[in-house]
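K.L.:
Start counting the sequence shown at 625; every next residue gets the next number (the working numbering).
It should be emphasised that the hints constitute simulated quantities derived from the structure, not laboratory data.
All figures in this text were calculated on a predicted structure; none of them were measured in a lab.
Among these hints, one or two may not hold up.
[What the hints assert, rightly or not] In silico BS3-like links for lysine-lysine, alpha-carbon gap of 27 Å or less:
{"hint": "1", "residue 1": "K983", "residue 2": "K953"}
{"hint": "2", "residue 1": "K953", "residue 2": "K891"}
{"hint": "3", "residue 1": "K894", "residue 2": "K831"}
{"hint": "4", "residue 1": "K717", "residue 2": "K984"}
[To be verified] The calculated label-pair distances, taken between Cβ atoms and stated as ranges, are:
{"hint": "5", "residue 1": "Q789", "residue 2": "K952", "range": "33 to 41 Å"}
{"hint": "6", "residue 1": "D871", "residue 2": "K950", "range": "43 to 51 Å"}
{"hint": "7", "residue 1": "Q1010", "residue 2": "K872", "range": "19 to 27 Å"}
{"hint": "8", "residue 1": "E665", "residue 2": "K994", "range": "33 to 41 Å"}
{"hint": "9", "residue 1": "Q828", "residue 2": "E1024", "range": "26 to 34 Å"}
Beta carbons are placed, not taken as given, at the ideal position from N, Cα and C, and that holds for glycine.
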Amino acid sequence: MKIRKLQLLVLTVLLAFSLTGCLSQSMDSTSAGGGKKNEEEAKTETPEVAEGEKVVNIGYSGPLSGPAALYGQNVLNGIEMAAKEINNSGGFKVGGQTYKINLVALDDKYLPNETGTNAKRLVQEKDTSIVFIPHSGGVLASQVFNEKDEFIIGAYTSEPRIEKQNNALTVGIPPKYSNYPEMFSEYAMKKFGKRLAVLPTATQYGKDWTETLVPVWKKMGGEVVYKTEIDFNKETDFYSTVTNALDKKPDVLFVGGPSEPTALVMKQAKQLGFKGGFMVMDQAKMEEMAKVLGGYDKLNGMIGVKPVRENNEPGTANFVKTYESKYKKLATSESAFNYQSLYVFVEAMKAAGTVDEPKKIMAGMDEGIKNLPKEKSIYPLEGITQKGGFIWPPHVAAVEDGKVVIIEGDKK
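Produce the entire structure from the sequences given, and follow the hints as far as they go.
P.N.:
Below you can see the structure in the form of structure tokens.
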């Protein structure tokens, strides 16, 4: 008995040491500045710096792994492409000093708490004055402290709430989704009818979009006949959901989320005999959906955001050609808006006469927009609001008879 007790005691002690070691290793890998944390830094090209030149660090925290990795990489690609172009052209001058851009990118897995940690790290360890963040949760989490810590958030999210925070150091990059419901609803009602079934992504973004769209639809005389959500992280077959929606005889389906599953929802609806229209959230990109389904004719009846290649700005065609040649993937609005925005930030730094004073850089944003080289204009950027949001004309399109049709509307 004594021997057995002694054996049990030894096993217990060994188990305790083992658990302690595992716990310690786990804490080391997840704590700020821990050893494995550095593995989350994406590999980006370090600029070549000649004698007398200096480096300015630009930060990025977004999803580079997990379900949203493709989206996050598209955003990062646009920023990276602009940075390389600027560096290869000899950098840019502020106050007689030549600077080149070092892009420091961290993976936050689409988790707001990780974004906050990354932003702190980028500012404290890399001395970044600007951090690009491509999701509303991460932006809102970082807005809690970015004014105090003195860095600008380059917010790539169409969520209107980011401007309502009255944060003096946030730049809202894309158009807000609140611009779309009226244009979408007017088109869909006129073409197809007033009965709407709502089937967006089950994310907070999808909920917010729905809460914005539905009151507009009803105010314009429409009726919501069915409402649910689709969890694209868990569901791959949408037959039951779409069947239940079509049983209510809708004229229009509101769908959205990542491009590929959104396209598959539309495909199943058409396979089940749906002849109506689709209003598609701005998260899903028309050109990516067409590629998934095998052509724009498979998207007939939809209204959504305009493909970037449909723009007529001086830099559009060259951007699309260069991006697709370099990255071997479709150029979309995520890459284009962020590409153009980095050029604007650089022009703002020039106008402000500083690369490391965020308040002065923000004060130089309006002039930076005016000084943007014409050949770098992918979308027509008209200015910036007092709350820090870039001002763009509507970029909305529909698909009719297999062709993209640009929808004109009042500027928002």
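K.L.:
Mind listing which of the numbered hints don't hold for this structure, in increasing order?
P.N.:
1 and 7
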